[in-house]
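Taken in order, these protein sequences are the chains called A and B.
Each residue of the first sequence is one higher than the last, beginning at 1467 in the working numbering.
Each residue of the second sequence is one higher than the last, beginning at 3 in the working numbering.
No wet-lab data here; the hints were simulated from the structure.
Keep in mind that the hints are not guaranteed to be accurate.
Some chain B residues near chain A, calculated using beta-carbon distances under 10 Å [as the list claims (entries may be wrong)]:
#: 1; residue: Arg67
#: 2; residue: Pro70
#: 3; residue: Gly116
#: 4; residue: Val135
#: 5; residue: Phe137
#: 6; residue: Ala140
#: 7; residue: Val322
#: 8; residue: Ala328
#: 9; residue: Thr336
#: 10; residue: Arg337
Even glycine gets a Cβ: it sits at the ideal position worked out from N, Cα and C.
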Amino acid sequence: MSELALILVATVLVNNFVLTQFLGLCPFMGVSRKVETSLGMALATAFVLTLSSVVSYLVSTWVLAPLGLEYLRTIAFILVIAAVVQFTEMVVRYTSPLLHRVLGIFLPLITTNCAVLGVALLNVQEQHSFAASALYGFGASMGFALVLVLFAGLRERLAVADVPVPFQGAAIALVTAGIMSLAFMGFSGLVKM
Amino acid sequence: MRLPTPPAPHIHGGNRVSLVMQRVLLALVPGIAALVAVLGWGVLVNVVVAVVVAVACEAFMLRLRGRPVRLFLGDWSAVVTAVLLALCLPPLLPAWMTATGVAFGLIFGKHLYGGLGYNPFNPAMVGYVVLLVAFPRAMVQWPAVAPFAETAVGPLQTLQITLLGHWPAGVQPDAITQATPLDHIRTRLGEALTIGELRGGPAFGVLAARGWEWINLLFLAGGLALLWLRVIRWQIPAGVLLGLAIPALVFWSFNPDQYLSPLFHLLSGGAMLGAFFIATDPVSAATTPRGRLLFGCGIGLLAWIIRTWGGYPDGIAFAVLLMNMAVPLIDRATRPRIYGHGGG
């Protein structure tokens, strides 16, 4: 039990996928202009990440390993992720058109979020159990959501700041992400794994 | 409801940025005196180096950005940033490291964001954390607290060490430096000793951490003066101290052998300096009354977590930066209700 709690702390804070492992930077930079859209993206990613890490664990354990096809892992996981995203989009569209409209284009874009593939591959590499895999995916998505929404809040302020011309836009956003990453180093050592 | 406006002349309160900054500097004086008394002349050398570099960086950046240099230098904000950063540094840190931290804090932490009033992060803490991450070994070498120092380092020797990197004969780093009390206790607890066994050791003083207790009490006095002058409001310092003391109290009352007492936490490391002088930076802190309290509590809690379980001996700087990140959302969530516009 405490091991599972540690996984959660580790993935949300200590080994945050965006700020310490630098995965999933594209949506981090791309969908953080407004807090509302970043919330939608965070929600959709949380769903997909958790589901895809569970499904890819099942595929890896029950399909790839028995057939000796581990060398196809990356391709298989990409297929799994694409299928999960498509499935999520269909479910959301038919069950809640409102949520579908809120998430909009972000839903299919999650396919290209490298954190999703990263989590699936790390689960296999670290030999996580089923519960640990699900929690790892969930924790990763919560960490992603946390820093995405915080970053969006900061960027809304940056939009009205008197930033020198050469640093406006992506440059100052990356400087900010760097300082956030420095701050997250304070969590290092919280979990000894 | 009538709100009569009295006729002119209206008198300006005289409250300017430069006045606020000068008052902050004056309020720091007792704490600086205590730091010098306990840790030696290196503190003053750090302050001077930091201020010189800060003023130079500020002037350079203002010039690059085409702003009036004299006007903005006159607001003293760069000096306050430099002094706050210098007070967090180990006294015998090489001067080039101090200069690096100050320059990074002012250029990246402040001017790239548009200068005073726009920086989302506290520039002093940005500089400090950069130094802590880049030079972890140098940043934990503190001089032994006065009565335990084998040889006192004089002012001239301090200059030799910090500016030239030359350690005079008879003064060696291992002989005169030791870990700070927080660092020492963390290491010892990791070796399965209990706090009761450490109590007689070099880390404990009369009230809390040896030497640091007086430094913190004098910073507290300066902070209370700032409160009395209404330079800062009570919410942030109260939040930081409560956020630090409450979890410390809970864990300490369950297991006083593994967890430090709330008093020790409040009077060690950068607790008081952080609570009254660093967290209260008006630019990077939350601005609504409830938001300030929340911001302060967050800093205290995170600092306690990092001190207790983290890899760094003190967590105030990281906690300040982490809560700086949350400020836009805190302000948004705690926006006060506008009078006459529905509830919530």
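So, going through the hints one by one against the coordinates:
1. Arg67: 6 Å, holds
2. Pro70: 14 Å, violated
3. Gly116: At about 3 Å, which falls below the 10 Å cut-off, the nearest Cβ of chain A leaves the hint on glycine 116/B intact, so it holds.
4. Val135: Holds, about 6 Å.
5. Phe137: Because about 14 Å separates phenylalanine 137/B from the closest Cβ in chain A, which is outside the 10 Å limit, the hint is violated.
6. Ala140: 17 Å, violated
7. Val322: Since chain A brings a Cβ to about 9 Å from valine 322/B, closer than 10 Å, the hint holds.
8. Ala328: Holds, because the Cβ-Cβ distance from alanine 328/B to chain A comes to roughly 6 Å (cut-off 10 Å).
9. Thr336: 13 Å, violated
10. Arg337: 13 Å, violated
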